[in-house]
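Participant: Letter by letter, the chains look like this.
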Amino acid sequence: MDTFKPRFLPPYYGAAYYPEDWPDATADRDIELMLGAGVNVARMAEFAWARMEPREGDYQFGWLERAVEKLADAGIASVLGTPSATPPVWLVEKHPEVLFVQADGHRIGHGGRRHTCPNNPVYRDYSVRVAEKMADAFGQDDRVVAWQIDNEVFPHYDFSGRGGMFTRACCCPVCMDGFHAWLEERFGTVDALNQAWCLDLWSQRYDRFDQVPAPDNHIWHHPSLLASWDRFNSESYVAFVAAQARAIRARALQPIGTDMMPFFELDHYAMNRELDVVQFNHYYMNDLLRQVPLYFDYLRPAKDRPWWNTETSPGCPGNHQIAPYCAPGFCRANSWLPFALGAEANLFWLWRSHWNGQELMMGGVVTTEGRPSHHYDEMREVSAGLKNSADFLRGTRPVQTGLAIHAGFDPAVLFRSQPVMSGFNYVDSLQHKVYQPLIRKQYRPDVIAPGVDLDPYRLLVSCFLPDLSAGGLRDRLQAWIEAGGIWVAGPFTDIRDGEGGKFLHAPFGILEEWAGVHCKYQIPGSPKGLRYTWADGAESEGQVWHCGFEPAPGTEILATFREHWLDGLAAVVERPMGKGAVVLLGTMPDPEAWVRLVDRLAERAGVRPAADASVNVMAAPRTGGAGSGLVAVEMENKEGWCAVPGPGVDLVSGNRVEGRVELLPYGVLVYKADA
Amino acid sequence: MDTFKPRFLPPYYGAAYYPEDWPDATADRDIELMLGAGVNVARMAEFAWARMEPREGDYQFGWLERAVEKLADAGIASVLGTPSATPPVWLVEKHPEVLFVQADGHRIGHGGRRHTCPNNPVYRDYSVRVAEKMADAFGQDDRVVAWQIDNEVFPHYDFSGRGGMFTRACCCPVCMDGFHAWLEERFGTVDALNQAWCLDLWSQRYDRFDQVPAPDNHIWHHPSLLASWDRFNSESYVAFVAAQARAIRARALQPIGTDMMPFFELDHYAMNRELDVVQFNHYYMNDLLRQVPLYFDYLRPAKDRPWWNTETSPGCPGNHQIAPYCAPGFCRANSWLPFALGAEANLFWLWRSHWNGQELMMGGVVTTEGRPSHHYDEMREVSAGLKNSADFLRGTRPVQTGLAIHAGFDPAVLFRSQPVMSGFNYVDSLQHKVYQPLIRKQYRPDVIAPGVDLDPYRLLVSCFLPDLSAGGLRDRLQAWIEAGGIWVAGPFTDIRDGEGGKFLHAPFGILEEWAGVHCKYQIPGSPKGLRYTWADGAESEGQVWHCGFEPAPGTEILATFREHWLDGLAAVVERPMGKGAVVLLGTMPDPEAWVRLVDRLAERAGVRPAADASVNVMAAPRTGGAGSGLVAVEMENKEGWCAVPGPGVDLVSGNRVEGRVELLPYGVLVYKADA
Amino acid sequence: MDTFKPRFLPPYYGAAYYPEDWPDATADRDIELMLGAGVNVARMAEFAWARMEPREGDYQFGWLERAVEKLADAGIASVLGTPSATPPVWLVEKHPEVLFVQADGHRIGHGGRRHTCPNNPVYRDYSVRVAEKMADAFGQDDRVVAWQIDNEVFPHYDFSGRGGMFTRACCCPVCMDGFHAWLEERFGTVDALNQAWCLDLWSQRYDRFDQVPAPDNHIWHHPSLLASWDRFNSESYVAFVAAQARAIRARALQPIGTDMMPFFELDHYAMNRELDVVQFNHYYMNDLLRQVPLYFDYLRPAKDRPWWNTETSPGCPGNHQIAPYCAPGFCRANSWLPFALGAEANLFWLWRSHWNGQELMMGGVVTTEGRPSHHYDEMREVSAGLKNSADFLRGTRPVQTGLAIHAGFDPAVLFRSQPVMSGFNYVDSLQHKVYQPLIRKQYRPDVIAPGVDLDPYRLLVSCFLPDLSAGGLRDRLQAWIEAGGIWVAGPFTDIRDGEGGKFLHAPFGILEEWAGVHCKYQIPGSPKGLRYTWADGAESEGQVWHCGFEPAPGTEILATFREHWLDGLAAVVERPMGKGAVVLLGTMPDPEAWVRLVDRLAERAGVRPAADASVNVMAAPRTGGAGSGLVAVEMENKEGWCAVPGPGVDLVSGNRVEGRVELLPYGVLVYKADA
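Chains as they are written, first to last, in this note's numbering: chain A, 1 to 675; chain B, 1 to 675; chain C, 1 to 675.
Think of the hints as simulated: they come from the structure by calculation, not from any bench. Just so we're clear, the structure is a prediction, and the values are computed from it rather than from any experiment. Any given hint could be a false lead.
[As the list claims (entries may be wrong)] Ranges between beta-carbon positions, derived for each pair:
no.: 1; chain 1: A; residue 1: T189; chain 2: C; residue 2: R251; range: 33 to 39 Å
no.: 2; chain 1: A; residue 1: R186; chain 2: B; residue 2: H95; range: 49 to 55 Å
no.: 3; chain 1: B; residue 1: R305; chain 2: A; residue 2: A27; range: 54 to 60 Å
no.: 4; chain 1: C; residue 1: R29; chain 2: A; residue 2: K638; range: 23 to 29 Å
[Stated by the list, open to error] To give an idea of the chain A side of the interface with chain B (calculated C-beta under 7 Å), a few residues:
no.: 5; residue: V89
no.: 6; residue: A323
no.: 7; residue: S422
[To be verified] What the simulated footprint calls covered on chain A by chain B, stretch by stretch (three residues with Cβ under 8 Å from a Cβ of chain B suffice, anywhere in the stretch; the number is not a length):
no.: 8; segment: 109-118
no.: 9; segment: 506-514
no.: 10; segment: 607-615
no.: 11; segment: 662-675
The C-beta atom is built at its ideal place from N, Cα and C for all residues, glycine as well.
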């Protein structure tokens with residue numbers, strides 16, 4: 001990879017392109033329109049297996065080579081996807097054993113996508129072989145700037161709309177054998193599994209690993225089984241992608257990634273361990289736009305390299321039915337947000353709307369008939385701004401502010417298998433109770449998986465992180481706190497072991513010890529939060545959960561409950577630990593109290609809001625060889641503002657700016673400070 | 001048929017009658033009560049296969065002959081149904097292969113109804129044979145005035161209430177072979193199918209027809225596959241009914257029909273091609289009553305012959321649970337509405353409530369214990385009115401006003417397989433946005449399938465008619481417009497080819513050319529309609545969809561968008577074409593603007609409201625050898641009125657009427673003008 | 001049993017205890033905490049089959065003996081459950097034929113509970129054998145005070161949350177054979193079944209019993225089939241439990257029961273015919289608490305012996321997610337309510353929260369880590385009160401007031417298979433329209449199954465009791481009325497025969513004759529109740545249903561309809577019959593009118609409200625060898641009061657009380673009158 005010199009440089013701005021579905025004659029019009037929109041990248045081939053291998057072993061890349069060439073001639077880079085999401089019919093007919101099998105034994109047939117087993121060795125072989133052939137053909141081609149493996153891999157999504165959480169992964173014999181081997185690897189003996197999961201309960205204990213079932217939605221299953229199943233399936237897809245990645249890497253120079261969806265159903269960090277570039281798809285439209293930064297802040301720390309937003313919609317998503325339209329300006333804000341948060345690419349899905357098929361009402365940059373969509377002019381405006389900002393964006397990276405928030409697949413798995421409290425939703429709680437209040441105040445956190453190194457951070461928030469055991473997190477936390485870190489923990493943090501079981505000695509693994517408390521009572525957060533007061537007299541109501549603490553000497557009480565059984569018990573406490581401190585939340589503060597608490601802790605930790613801006617604006621400072629500045633994006637279709645720290649230029653407009661800069665609804669500012 | 005002289009003449013007013021489920025002794029009381037209610041028709045036998053053929057080949061019609069005789073002796077006509085909706089248990093036990101098979105392979109067993117395959121040749125043979133035997137017994141009998149084939153045939157309804165759109169038709173091997181043959185017949189080669197459906201997309205292309213699956217609700221299927229499956233299934237049931245019809249016709253004199261439900265899941269027009277009399281069942285009670293005329297206006301043009309309302313409820317529908325009651329007077333309005341709109345028969349389901357079974361709480365004209373229901377007196381009043389009006393009804397037919405609205409199975413299939421826009425519902429949109437505003441203004445349209453001859457009409461509305469290709473509609477439209485017709489088209493009209501694919505050259509097949517426009521942008525109708533103004537300055541908000549047009553010279557702009565990307569583009573245009581004109585709707589007007597537009601076009605086309613009446617009244621003029629007049633029905637349980645065009649008589653009351661006639665809630669007027 | 005002298009006497013107050021799931025070391029802490037809470041009973045072993053028989057035939061009771069001993073040493077009684085709800089994996093692996101089979105053929109596998117067939121002889125043998133071994137070990141042990149068979153037996157509950165009423169019972173070959181034999185036993189010949197169910201309808205008739213299917217939710221089934229299936233399944237579980245009961249009884253001295261759920265899916269009375277002590281589980285928390293007395297009043301008359309509340313929650317129920325908390329005081333009211341209504345035991349589920357498994361978020365008296373929950377102090381307060389009241393509670397029984405209300409499995413089965421009216425819910429109607437208005441007025445009814453002897457009662461309410469045929473009820477009613485009883489009947493009473501069919505001669509079997517009326521019309525209770533007036537002029541609106549009656553001479557009209565078809569017809573009538581009277585409700589009165597009517601009838605019958613108390617208080621008088629008094633419980637978390645009939649003592653507080661005694665929210669009074 002080091003030796004790879006792409007012909008076309010980021011920032012990349014473009015779209016997915018499907019020449020295989022169109023008469024050849026449309027290509028010239030496409031190129032013309034791409035140039036008009038300022039597009040400089042096109043993603044191709046990720047569903048085109050039947051075109052690339054119409055008969056077994058008969059590989060046909062001529063059509064794709066012509067497309068790459070035509071694009072390159074127009075100054076447009078290519079990204080190539082491997083087609084393993086959609087096998088040709090001859091493959092599944094010859095090898096029906098590669099098809100995805102539901103828990104009820106139903107084998108998913110041809111006609112859709114993602115209908116194959118991730119573990120089947122026959123399917124892996126075919127998938128690797130076509131990827132190798134693609135790499136042989138394009139691996140040294142400087143017109144191709146990256147690879148994408150497969151498309152949106154994750155355990156099978158239920159397209160029927162009838163739900164079915166437990167049937168979402170393949171249950172074929174290969175997967176079942178793999179699951180049993182995975183359990184044996186994890187536990188060694190079946191008695192160890194019986195003990196770890198408390199399987200004397202309900203006489204559930206197994207005599208052999210091969211008796212452990214796949215979850216079946218007719219059975220009320222053990223949460224540890226559900227969690228293990230989720231983990232095994234995530235690992236299956238990681239391995240499926242890695243096999244192709246290794247095959248391509250052996251033949252190709254370009255960076256490799258896989259485009260992932262914003263569901264916590266797959267371990268995004270594990271998936272990228274063997275990959276080069278984090279790729280991500282999102283369809284958060286209209287009012288949901290301001291929820292997207294959570295995912296971007298989670299992806300950025302996964303690799304020390306700019307990431308890619310591989311899919312989003314210019315403002316007209318859909319499938320066989322189009323969704324409500326997005327307002328003017330949306331395409332602009334949605335185009336810039338990834339770049340602001342560390343991406344080097346943003347691609348729309350799709351370039352030209354399909355003329356038939358399952359997604360024919362998904363709106364493209366260009367309509368089926370080859371006319372600019374109503375987003376085309378905004379896209380042209382964005383591409384012009386990107387060109388003006390290109391040196392600055394390439395030569396700078398977002399500033400890391402010392403603040404991190406824990407999130408990820410592990411807690412998602414646990415809360416999915418055991419929601420702990422009726423009505424509790426992990427992702428929503430993280431988004432709305434932890435993350436949004438902070439970014440409205442212009443904090444710029446990294447959102448990190450539990451395995452990430454803590455050294456770069458000075459203030460760490462770990463709400464809803466039940467298990468501290470994985471990857472030695474507890475020890476790393478201890479060392480980090482003792483070295484000066486301030487850790488905010490709870491609710492629902494350190495309440496489970498690695499198998500989802502509760503601790504026998506205390507409601508927490510280590511938190512009572514670290515925070516110097518005895519937890520007297522635990523009360524759910526509904527039907528109504530319990531009242532408590534802060535040390536300064538401010539009154540509030542608990543959210544999510546209530547732990548009432550009896551503090552040990554040396555533990556400072558930050559807030560005290562005032563209701564029912566908890567009256568007089570501590571609600572929030574702090575205790576020094578080495579040079580740092582542990583702040584334990586017995587209840588989740590409401591947004592206002594939450595921000596006030598973080599403000600005080602951040603000040604002590606030397607963490608500051610990244611900018612002075614209105615709550616509807618996301619402002620991300622950046623710095624590097626090309627100077628320093630910030631990118632600000634208005635996310636709520638309202639007027640907003642951002643104060644810049646000194647005189648400089650808005651690279652988009654070319655205007656000089658200073659002090660408070662007004663942003664139009666969905667407006668963007670790319671501020672570069674004067675040197 | 002021409003030689004058939006029924007002993008009893010229409011208008012027929014009666015009910016379904018099930019002597020097979022009752023002790024013989026109840027028959028005399030039934031007859032007595034029928035005479036009291038003025039009933040002159042009874043429908044029998046459509047579920048009584050086990051009584052008619054208790055053992056294979058042992059046909060028993062004595063009980064049915066006695067019933068026909070007893071009824072005829074009392075002056076009551078019989079209608080006979082063939083029993084193929086409910087095979088005896090010996091048949092399905094001997095031939096389990098005749099049972100309906102779901103997509104998951106589950107075979108539907110004995111215990112309900114409609115549980116057999118429409119294509120299975122063994123089942124067709126048995127069904128035809130029992131129909132033949134019935135025809136042998138009753139085909140020359142002038143006491144029997146019509147035949148009904150089977151009962152409410154349509155692809156399997158999911159009685160479990162758990163949904164399952166894709167499993168609603170039989171997937172047995174016979175059906176799958178039939179489907180593949182149907183595809184081969186339609187496309188010739190599998191490459192033609194691959195091309196027509198754009199199957200390089202997602203590597204979906206097939207190598208052979210027999211690889212095409214039946215839709216399975218675990219797969220995200222291609223809309224063209226779903227649509228083809230729907231069409232094939234409709235044709236299967238049409239053929240199933242036709243086989244019996246042919247067998248009966250060879251032996252019987254009476255007209256033949258099949259009672260159909262108001263779902264667009266079956267092609268009602270195709271179904272009636274080989275039948276004689278359109279038969280229809282409806283259960284639109286209470287507030288839903290005013291939605292029924294849409295279906296009646298759709299049935300009337302299907303055959304040049306009065307149609308039959310074969311089932312409705314006197315006001316107490318249900319199954320194993322009875323529905324809320326209907327108000328006094330409902331039975332009257334619901335009795336007269338079919339006659340007003342061209343029917344010659346209206347039968348209740350059912351005469352006497354069952355004493356056990358799946359529908360024992362369906363309310364009859366007479367209760368289980370043989371007492372008049374609370375609707376009995378209204379029914380007697382209606383039958384008296386019908387007798388007074390009989391000559392007039394028999395000797396006149398509803399006046400055709402020159403206005404037609406397109407509707408039918410084809411567009412329903414397309415919107416079911418691809419709803420085009422999130423939240424769009426074809427039937428609701430047709431009912432509430434197109435039809436109801438017009439009938440509240442007393443327009444009296446025919447609602448016609450796309451295949452119907454256009455010559456009789458002068459003004460034609462084709463909203464939500466995606467495909468103009470079937471049956472040469474486009475050419476017929478062109479000729480009709482050039483000869484002077486005014487055609488109102490859109491939204492969602494002419495947007496798809498016959499396979500549900502989009503056009504490559506333009507968003508419409510021909511509409512840009514005919515209307516003289518270039519469609520610049522297309523925007524969904526939600527989250528909020530875009531503002532536009534009419535030429536006269538009236539302001540409005542778009543509904544359903546927005547196409548912004550750039551008009552060519554010679555195209556008149558009727559309305560102009562005023563918001564967002566569409567600001568300044570045309571919203572509604574008109575262009576002359578030969579002696580006629582095309583009016584293209586870029587958006588659906590709200591009801592008020594819609595009626596204003598139609599008023600202007602109708603005046604030019606010489607189409608007038610059929611009557612002057614209050615919005616809650618449906619007034620249908622009629623004329624013929626027996627004179628002229630109108631039938632008016634109040635549909636909303638409120639006071640209303642209808643102006644009669646000159647002096648005449650209300651045949652129901654015998655009163656002289658002139659000018660504005662007041663109608664009581666659910667009141668009826670049968671006005672005959674003085675000669 | 002007569003010779004059994006338990007070492008520990010009621011009232012029992014305790015919890016379910018699972019030593020098999022915990023390290024031995026926790027037991028000492030458990031005992032210490034039990035003593036602190038005043039616990040005197042622990043229920044054990046009902047899921048511990050794998051611990052008691054880890055390998056086939058290898059019975060291990062040492063751990064259980066140690067637990068019983070440790071408890072007894074601390075003064076705590078043991079209750080033992082047989083483990084047949086959760087077979088070990090070796091059993092189901094060796095005999096997969098014992099697993100529960102759904103209607104679709106899906107066999108429910110290991111991993112949950114209740115996943116076995118109730119009729120399978122192999123499973124019955126294994127279940128009986130382990131029960132025998134337990135009885136051999138503990139049957140003569142005076143530290144064990146009772147047996148519980150299995151746990152919450154009832155036809156399979158669908159844990160998937162996807163519904164599926166018709167798949168809720170096992171459909172394996174053994175069950176199907178059993179069902180066919182059951183039908184043959186019931187009907188003798190298949191023709192008798194065909195006739196009884198009206199199976200000429202829809203050609204449903206069978207030629208042999210073995211053709212009758214199990215209900216399948218893809219079929220619209222006959223209600224009589226559904227009802228028979230429900231009855232057969234209830235009997236299957238009764239027989240399943242009885243087999244174990246007989247095995248234990250042959251070896252053990254202690255009383256035997258089975259803990260049942262408050263669903264009417266099982267015949268609770270039939271279940272207890274071969275058992276000694278009625279055991280019941282309920283989880284009616286917070287606002288639902290005041291619905292519980294209905295069930296308690298239904299259980300008490302089932303046996304002439306105090307019953308047991310075997311499970312409830314101290315206030316924190318859940319499974320893998322905890323439910324909203326209950327307010328302070330709830331545990332007190334919920335602890336006392338069963339004792340007030342005739343129980344001699346009340347046990348919480350569970351003692352110590354599990355540390356893993358499907359129910360790890362179910363809150364215990366003690367937390368997983370061995371700390372008192374926030375309900376612990378209330379529990380200690382209750383146990384102290386119970387000790388103070390023990391002699392009084394043991395030496396008295398609730399007073400039977402002469403008032404009974406009919407309810408039970410039979411009507412529930414019928415309304416489940418045919419709800420009769422859209423929106424009608426049997427249990428809700430019974431609870432809110434019949435029962436609650438009366439207990440708010442301090443009536444203290446027995447709620448009795450139709451088979452219960454009527455002699456003890458003077459006023460009997462039978463609303464929603466469709467079938468009077470079972471167990472000779474009609475004849476017993478007649479004799480009871482003629483001897484002086486006052487019977488209030490309807491709506492929906494006497495409207496069906498034993499198979500759920502309607503009568504042919506009248507809408508009622510006998511009620512027209514007994515009440516001296518002719519029912520002219522029947523109208524559903526929705527969309528709006530019809531107006532009627534009472535003889536004293538009070539106006540009201542009908543509820544549920546409306547029968548309009550024409551009275552015969554000698555029938556007194558209590559209320560008269562004033563609307564629509566029913567105007568002038570009688571709504572409520574009364575007619576003397578022997579020394580008693582029949583009151584027939586043509587419509588359900590609203591709560592106010594209902595109580596006024598019952599007041600008048602109760603006065604004539606010599607039935608009085610049991611106490612003078614506020615509507616939120618349940619006051620239950622009791623009397624016996626230990627004196628007389630009452631137990632009053634506030635059920636709505638509001639202040640309330642109860643008047644005591646004379647001077648006495650509150651045994652809980654030890655205070656003297658007289659006149660009106662105030663109760664705190666969720667407060668309790670155990671009043672003993674001065675001798």
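Participant: For each hint, tell me whether it holds in the structure or not.
Facilitator: Here's how the hints hold up against the structure:
1. T189(A) to R251(C): 33 to 39 Å: holds (38 Å)
2. R186(A) to H95(B): 49 to 55 Å: holds (53 Å)
3. R305(B) to A27(A): 54 to 60 Å: holds (56 Å)
4. R29(C) to K638(A): 23 to 29 Å: The hinted range 23 to 29 Å is violated for R29(C) and K638(A), with Cβ atoms some 59 Å apart.
5. V89: holds (5 Å)
6. A323: holds (5 Å)
7. S422: violated (25 Å)
8. 109-118: Contact hint for the segment 109-118 of chain A vs chain B: holds, 6 residues under 8 Å.
9. 506-514: violated (count 0)
10. 607-615: Three-residue rule not met by the segment 607-615 of chain A, so violated; n is 0.
11. 662-675: violated (count 0)
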